[in-house]
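Protein chains: 2
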Amino acid sequence: MRERNVRRIEPPTACVIIIGNEILSGKTQDANLQFLGHELGKLGIRLAEARVIPDIEDTIVATVNEMRTKYRYVFTTGGIGPTHDDITAPAIAKAFGRDLVLDAIAVQRMQRGRFELNEARLKMAHVPEGATLIENPTSFAPGFRVDNVFVLAGIPSVARAMFGTLVAELDSGGSIFSANVDVFMREGDIAKPLEALALEYADLDIGSYPFSREGRFGANLVVRGLDKGRVAEAIGRIVSTMTELGGPANMGAPEEVA
Amino acid sequence: MRERNVRRIEPPTACVIIIGNEILSGKTQDANLQFLGHELGKLGIRLAEARVIPDIEDTIVATVNEMRTKYRYVFTTGGIGPTHDDITAPAIAKAFGRDLVLDAIAVQRMQRGRFELNEARLKMAHVPEGATLIENPTSFAPGFRVDNVFVLAGIPSVARAMFGTLVAELDSGGSIFSANVDVFMREGDIAKPLEALALEYADLDIGSYPFSREGRFGANLVVRGLDKGRVAEAIGRIVSTMTELGGPANMGAPEEVA
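In order, the protein sequence lines correspond to chains U and D.
Per the numbering used here, the first sequence starts with residue 277, numbered consecutively.
Per the numbering used here, the second sequence starts with residue 277, numbered consecutively.
Fair warning: there could be bad hints in the mix.
No copy is singled out in the list; a pair is fine if it fits within one copy or between any two copies.
Computed list of lysine-lysine pairs in DSSO-like fashion (alpha-carbon distance at most 30 Å, straight line) [as the list claims (entries may be wrong)]:
| no. | residue 1 | residue 2 |
| --- | --- | --- |
| 1 | LYS504 | LYS370 |
| 2 | LYS370 | LYS346 |
| 3 | LYS468 | LYS504 |
| 4 | LYS370 | LYS318 |
| 5 | LYS504 | LYS303 |
No lab work stands behind these hints: they were computed from the structure.
Bear in mind the structure is a predicted one, so any value in this text is a computation, not a measurement.
Go ahead and model the full structure; you've got the sequences and the hints to work with.
Structure (structure tokens):
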């Protein structure tokens, strides 16, 4: 988007690092990125980038160190279980130049579980020195936070539960407002007038996402921005422009994301 | 994985760059990464990294230039439609320092479509100078290849169709073999013996992926490698070890990925 002479508050930024060979090999479909992108958006935090990397220590260390200086918040998912291929905690410790230490509170929490605290399970109670724990309401092994890096589980239900407990720690940006409309016309037929509107509302993000539903082609047009009034005005202009061209359908009521 | 005195052929590497604000905002669930990871694996090509980046020209240029020197193949998805937020083609041209030119063959193919070839649609026939087109069997606008960078559509059905037409251009690595078994025991109870096996079979990748199904906890143990015999031997040892510990179930027959 080109900038116009309109006040634009830059929201805090975030990055997600998905750690796991199983995502790259196609064995597993990631289900955390969409959740985190959506939840951060509701808080007014802009997810600026995501990376999917393998379970290789040097790669994790380098990626975390690059991302934690570049973005306000970093969220990692995956690799904090008890098996040999779970290497996220020691890699994060190495990235921060800290020792990996046994956390007494984590041990206490894990003792609430019904399971033998063997060597493999105690591995999950090791965190980088000075880390704060992230509560895990669904099972006993905690995530942890070091500085601006939040280390979450890879299992979606656990990652979601952990995220719920850490939301209060995040500096939220201004609320982001969003409105969208489905237009049953081909993108190629609406691109020109849509671009004119995007230029006119350069303080907003206006996106076009084509779809095909039951043989009908169309596009979902989305307006996002920090000013509720501007978002409502822009979606109104889009609807009237598209109506002149042949008519939109299924207009979503302008909706407040957060 | 630590290396042992075992021959290990390094397979060709690849990277996927997913371009699109809609993936980062959580509006859309990506469906291309898993497909590409799986298909590349079948060809013996290792997907080493994936990045999800926004529709920002500088970011696309920088990411493509970093990845195309780092990996054998780069696949991008998204941003090649007709609307103002589709900026992948000019960004790829910029990354290679080439002009964006109207491709006569692309125009010809698009003339097969039933739609008015207006300015917005002609945008989709512009590719970096010297690019080769990637056939698009499902609709008329082609993808393109510049050097080792393959530019695909974001819509999953179109990306899949395009990938199918370019497979023959890829240097495939050795075949990768894979076998897996579901074990209905908690990871914490099997981590130690599994690690011993992973050390013994250091020429293979052995992964553990926990699950919870209908209230039962377990882990899917996966062996992958280039030597079919070693993979079969390792999964056999895992099964016998897990049987001694309490018994696996649902063992998948050792399966050839490619």
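Earlier hints that do not hold, by number: Checked against the structure, the hints that fail are numbers 1 and 4, while the rest are satisfied.
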